[in-house]
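Trainee: Based on the provided sequences and hints, a complete structural model is requested.
Number of protein chains: 2
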Amino acid sequence: MTATLDVVGIGNAIVDIIDNTDDGFLARHGMVKGAMTLIDEAQAEAIYAAMGPAIALSGGSAGNTIAGLASLGAKCGYIGKVRDDQLGQVFRHDIAAAGVAFPTPAATEGPATARCLILVTPDAQRTMNTFLGACVNLHPADIDEALIASAKFTYLEGYLYDPPHAKEAFRKAAAAARAAGRKVALSLSDSFCVHRHRESFLELLKTIDVLFANEAEICALFETEDFDAAVEAARAAVPLAAITRGAAGATIVSGDKTVGTTAAPVAKVVDTTGAGDLFAAGFLFGLCREAPLAECGRLAALSAAEIISHYGGRPETPLSEYVVAAAG
Amino acid sequence: MTATLDVVGIGNAIVDIIDNTDDGFLARHGMVKGAMTLIDEAQAEAIYAAMGPAIALSGGSAGNTIAGLASLGAKCGYIGKVRDDQLGQVFRHDIAAAGVAFPTPAATEGPATARCLILVTPDAQRTMNTFLGACVNLHPADIDEALIASAKFTYLEGYLYDPPHAKEAFRKAAAAARAAGRKVALSLSDSFCVHRHRESFLELLKTIDVLFANEAEICALFETEDFDAAVEAARAAVPLAAITRGAAGATIVSGDKTVGTTAAPVAKVVDTTGAGDLFAAGFLFGLCREAPLAECGRLAALSAAEIISHYGGRPETPLSEYVVAAAG
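Chains as they are written, first to last, in my numbering: chain A, 1 to 328; chain B, 1001 to 1328.
Think of the hints as simulated: they come from the structure by calculation, not from any bench. Glycine included, each C-beta is placed from N, C-alpha and C at the ideal position. Possibly wrong hints are sitting among the right ones.
[Unchecked claim] Residues on chain A that point at chain B, a partial pick, calculated with CB under 7 angstroms:
| no. | residue |
| --- | --- |
| 1 | T37 |
| 2 | I39 |
| 3 | I55 |
| 4 | D85 |
| 5 | L87 |
| 6 | R92 |
| 7 | D94 |
| 8 | A97 |
| 9 | A98 |
| 10 | G99 |
| 11 | P103 |
| 12 | P318 |
[Unchecked claim] Beta-carbon label-pair distances, calculated as ranges:
| no. | chain 1 | residue 1 | chain 2 | residue 2 | range |
| --- | --- | --- | --- | --- | --- |
| 13 | B | A1294 | A | V270 | 32 to 38 angstroms |
| 14 | B | G1099 | A | G99 | 49 to 55 angstroms |
| 15 | B | E1041 | A | P140 | 34 to 40 angstroms |
| 16 | A | A247 | B | A1326 | 27 to 33 angstroms |
| 17 | B | A1175 | A | V270 | 33 to 39 angstroms |
| 18 | A | E109 | B | A1035 | 39 to 45 angstroms |
Mentor: Structure follows, in C-alpha cells:
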C-alpha cells in the first residue's frame, strides 16, 4: 500500500522552558553541561525557582524532528502523551499548527505535562533538566497502528526508554511498522540515555533501518573512545547510520558507502537546543524524497543551522524557505 | 519616610503568546495592525487555533515596564491578578525571577490567567488580542497600600480601565501614593483604550505626575490630529509628559522645558512588542536616580532598543549591561 504519510514520530511530549545562564549556575546546581538529566517534580520546582525569566515553547526530541519535517513540507504524525492542562494545550497547539496529526489523547489524571528546563550558556550549549510528568502515562494502547502503517518511516527517540511503559509502546510501534513493510529510524538521544539503556539499544539495533547518533552517543553505545571504530561498528550494525559531530559536520555510513557532510554556516550560534533533532528532520526528509545520501546530509545540515540560530528547538523560519534561500 | 522601593507597577497580568504572521492573516481575522483588541475566551481559542507554532513568555504592559526597571537595577513591586494555573505560575515565576516583589494572591476560581495573542508581521509591528481572563478579578482589596507607600513612583497602565473593578483599584492605588507623598505615573497604553476611557483619563490627569503616551494616544486623548497641539495640551495638563513617536524618537515636556530624544539604533527591528513599556522603564529609572530629562530620555530609548531587537516585551540582555555597552 502506498504510504500516505512521510514520518510518524514517537517521543516524550515536552514543553521547553528556556533561559540564559552562566557556567556558575550549572556548577552550583551540579548540572552536566550539554546533558539531559531526569528530575522529579520537586527538583523541577527548585530549578525553575532559581532560573531567571524564561520563554516557553514546545519541544521534545521527536516532537522537534517532526515539526521540522513538517516545516520542510513532509506529511507527518506524532504520538506522545500530555496532560489536559495549559502546557498540554500549548504542545498540542504547536504540533497541530505545524500541520502534524497528533491523535494521542491527553491524560485526564496523573502528573502534569512534561517540562524541560533548559539552561543556555554563552557558548550556546544547552543543558537540559527534564521532568517527565505525563510522559510516564504513554502506554502501548496509545500506539495507533494504522497511523504507523501509513507512514514511510516511524521515528523513535531513545529518550522513550526512560518512562516505564513507553518501551513497550516503542516496541509495538516498531513491530507495526515492520509488519506494514515500513522503515524504522532511531535516535540515540543522549549519551547518558545510552548508558542507562545500552543493552536494550544494542538488541534494538537489529530491527532498525536508520540510526541517528552524535559522537558521544555512538561511542557510548559501542563502548569505545575511538570515533572511527564506533562509526565502523555502526556500519556493521545497521543499514544506514548518520553520526553528527557538531560544528565538525557528520559522517554517513551505509554498507560500503561513506559520505561526509559539513556543517552549514550560521551568522551566530545562539542555542544548540534541537540541533540533533533537526539534523534528523532534514535527513529523513531527504530519504522520504529518495534523495542521494549527500543531499540528505545537506538538508540535515541546513535544518540544524536554522535551529541553532535562535532559541528553542522548533523552526522560526519555514525550513522549506530556509533551504531554498541557502541554495540561492 | 525614605522610599525603600523605586517603582510599584499595577497592571493586567498577562502571558504573551507570540507568533510570526503576514498581513493576510490580520486581514482575514479583521485585526487592526498595531492595536490591542479585547477578545473573549471563545475568540481567544479561535485565534490561537489559527495561529502557527508560538512562543510564550510573560507580558502585560506594566509587567514589562517593571521587569525592565528591575533589569536596569531598580527595586520594584508589582500588583496584578493571575489564576492558580500553569500560565499564572509562569507569570509569577518570571516577575519573581526579575527580582520584583509580587504580593497579589492568585485567584482560586474564575477565568484562567490572561493571555495576549500577539501576531508579529514582517514589518516588526505587533498586533495584540487580549483575553483578560483572571485580570477581571483584580479588586481594590488587592492594592497593598503599604507597598504603594514604600515606592517613589506608582506606575499605572491605562489598560487597567478595561477590567470592571480595576479602575477602583487604580484609584485606590493613586490615592495611597499621593497620601504618602509619592508620585504617580500613567501610561495611556493604546489609542483604542484612550477612546474607550477618554473622559476618565482626562479627569485622572489632574492627579498624575508623569504621563507616558505615543503619538496616536496623545492625539486621541486631546482629540486633535496635530501632534504639536497634543504635546502642548499635555504640557498644560501634567507636570511631566514623555510622548513617543517610534523611530522618530520622543518629545519630553515639563513646564517650559522641551527635550527631544532620538531613537537608539538597533541592528534589526524584530518585534516592537513592549517598545513603549520599556521606554517608560528607562525613563522612570532615570527619574528615580534624579537624572536630567535628557538622560532619562537616553535611558528610555536604549531600553526600548533592546526590547525591539528580539521577540517579546521582557529584556533578554540585562538592561544594566546593555546601557553600559551602548555607552562604551
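Trainee: Return the status of the interface hint for I55/A: holds when the least beta-carbon distance to chain B is below 7 angstroms, violated otherwise.
Mentor: 4 angstroms, holds
Trainee: With 7 angstroms as the cut and Cβ atoms as the points, is P318/A at the interface with chain B?
Mentor: With Cβ-Cβ at 9 angstroms, over 7 angstroms, it is violated.
Trainee: With a cut-off of 7 angstroms, does the beta carbon of L87/A approach a beta carbon of chain B closely enough for the hint to hold?
Mentor: Holds: closest Cβ of chain B sits about 5 angstroms from L87/A, inside 7 angstroms.
Trainee: Is 32 to 38 angstroms right for how far apart the beta carbons of A1294/B and V270/A are?
Mentor: Taking Cβ atoms as reference, A1294/B and V270/A lie about 35 angstroms apart, which means the hint holds.
Trainee: Double-check D94/A for me: the hint is only fine if its C-beta lies closer than 7 angstroms to a C-beta in chain B.
Mentor: At 4 angstroms from the nearest chain B Cβ, D94/A passes the 7 angstroms test, so the hint holds.
Trainee: Return the status of the interface hint for I39/A: holds when the least beta-carbon distance to chain B is below 7 angstroms, violated otherwise.
Mentor: Because about 16 angstroms separates I39/A from the closest Cβ in chain B, which is outside the 7 angstroms limit, the hint is violated.
Trainee: Have a go at the P103/A hint: is there a Cβ in chain B nearer than 7 angstroms to its own Cβ?
Mentor: With a minimum Cβ separation of about 17 angstroms from chain B (threshold 7 angstroms), the hint on P103/A is violated.
Trainee: Checking hints one by one. Is G99/A an interface residue toward chain B, by the C-beta closer than 7 angstroms rule?
Mentor: Not OK, violated: G99/A not within 7 angstroms of chain B, min 10 angstroms.
Trainee: How does the Cβ-Cβ distance of E109/A and A1035/B compare with 39 to 45 angstroms: does it lie in that range?
Mentor: Holds: the Cβ-Cβ distance is about 41 angstroms, inside 39 to 45 angstroms.
Trainee: Are A247/A and A1326/B spaced within 27 to 33 angstroms by their CB atoms?
Mentor: Holds, since A247/A and A1326/B (Cβ atoms, about 31 angstroms apart) stay within the stated range.
Trainee: Restraint: R92/A near chain B, CB-CB cut 7 angstroms. Satisfied or not?
Mentor: 10 angstroms, violated
Trainee: Could you say whether the range 33 to 39 angstroms given as a hint is met by the Cβ separation of A1175/B and V270/A?
Mentor: With Cβ atoms ~47 angstroms apart, the hint is violated.
Checked against the numbered hints above, the structure violates hints 1, 2, 6, 10, 11, 12, 14, 17; every other hint is satisfied.
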